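For the sequence shown, the working numbering gives the first residue as 1, with consecutive numbering after it.
Accuracy of the hints is not assured; some may be wrong.
Said to hold, decoys possible - Computed spacing ranges between beta-carbons, pair by pair:
(1) Glu158 with Tyr58: 50 to 60 Å
(2) Glu156 with Pro115: 47 to 57 Å
(3) Tyr116 with Asp71: 46 to 56 Å
(4) Asp40 with Glu148: 41 to 51 Å
(5) Gln72 with Leu176: 22 to 32 Å
(6) Glu29 with Val154: 42 to 52 Å
(7) Ser162 with Ser77: 35 to 45 Å
(8) Gly191 with Lys131: 27 to 37 Å
(9) Pro56 with Pro115: 13 to 23 Å
(10) Ala173 with Arg11: 43 to 53 Å
(11) Asp102 with Val189: 16 to 26 Å
(12) Glu67 with Val103: 33 to 43 Å
(13) Asp168 with Asn69: 16 to 26 Å
Keep in mind that the hints were calculated from the coordinates and are not lab data. Only a predicted model underlies this, so the values are computations on that prediction, with no experimental measurement involved. Backbone N, C-alpha and C define an ideal beta-carbon position, used for all residues, glycine too.
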Amino acid sequence: MRNRWNINDNRWLKEDAANVAPVLLRLREENGRCYQRIVDTIRLILPFFSDFELEPHYDSLLLNWRERNSDQVFSVSQASDGMLRVVALVTLLLLPEQDLPDVLILDEPELGLHPYAINVVGGLIHAVSTKIQVIVATQSMPLIDCFEPTDIVVVEREGRSSVFRRLDANALAEWLEDYSLSELWEKNVIGGRP
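Please take these sequences and the hints and turn them into a complete structure.
Here's what the structure looks like:
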């Protein structure tokens with residue numbers, strides 16, 4: 001994401017989001033509504049963000065942006081890892097349905113994110129999961145609270161094997177009257193210990 005990328009490599013977002021700038025430019029040109037949803041969602045998480053500055057240089061593009069109330073253009077080298085993670089995740093999770101993979105696997109998407117950003121990303125993950133299969137590995141209590149018990153599969157290690165168990169909402173109903181899912185996890189009611 002921190003390097004220039006070929007402007008024509010814009011159809012599918014790479015697994016490391018290295019081509020996010022060309023993908024965003026394509027969306028801005030072909031699907032303005034989708035592009036605007038991405039920008040608006042990033043603004044929810046990063047209130048200083050105004051818009052991307054996507055100006056090709058020959059056949060390559062660098063991810064630049066502007067801040068609100070400023071004419072200064074900032075380059076990707078001035079972005080924090082958390083900001084880049086927000087841009088990558090929001091872009092991925094708000095892609096048009098035809099651009100989404102059949103299965104999306106996210107490993108600890110909450111890393112480096114502000115707690116509010118985790119809630120926004122959790123909502124986006126939940127929304128995109130109605131269109132495609134999403135598998136998320138996490139140790140984030142705030143992210144767990146974005147989902148219903150039936151969405152959660154707890155992984156336990158028994159001996160040298162991993163055992164997968166979907167949570168039973170009925171069995172947890174009484175607990176959930178007084179505690180959140182993350183609090184039940186913290187109290188080791190639902191398992192998932194290291």
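Hint check for Leu176 and Gln72 - Cβ pair distance inside 22 to 32 Å: violated (48 Å)
Assessment of proposed distance window 16 to 26 Å (beta carbons of Asp168, Asn69): The hinted range 16 to 26 Å is violated for Asp168 and Asn69, with Cβ atoms some 51 Å apart.
Range agreement (Cβ of Val154 with Cβ of Glu29, hint 42 to 52 Å): holds (44 Å)
Satisfaction of the hinted span 27 to 37 Å by the C-beta atoms belonging to Gly191 and Lys131: The hinted range 27 to 37 Å holds for Gly191 and Lys131, with Cβ atoms some 29 Å apart.
Hint check for Arg11 and Ala173 - Cβ pair distance inside 43 to 53 Å: Because 46 Å falls inside the window, the suggested range holds.
Asp102 versus Val189 beta-carbon gap, inside 16 to 26 Å or not: violated (34 Å)
Range hint compliance [Cβ, Glu156 to Pro115, 47 to 57 Å]: violated (27 Å)
Distance restraint hint 50 to 60 Å, applied to the beta-carbon atoms of Glu158 and Tyr58: holds (56 Å)
Range hint 33 to 43 Å (beta carbons of Glu67 and Val103) holds or violated: Once the Cβ atoms are compared, 36 Å apart, the range 33 to 43 Å for Val103 and Glu67 holds.
Distance restraint hint 13 to 23 Å, applied to the beta-carbon atoms of Pro56 and Pro115: Violated, since Pro56 and Pro115 (Cβ atoms, about 36 Å apart) do not stay within the stated range.
Ser162 paired with Ser77, Cβ distance criterion 35 to 45 Å: This hint holds: roughly 40 Å between Cβ atoms.
CB-CB spacing for Glu148 and Asp40 relative to the 41 to 51 Å hint: violated (26 Å)
The structure does not agree with the numbered hints 2, 3, 4, 5, 9, 11, 13 stated previously, though it agrees with the rest.
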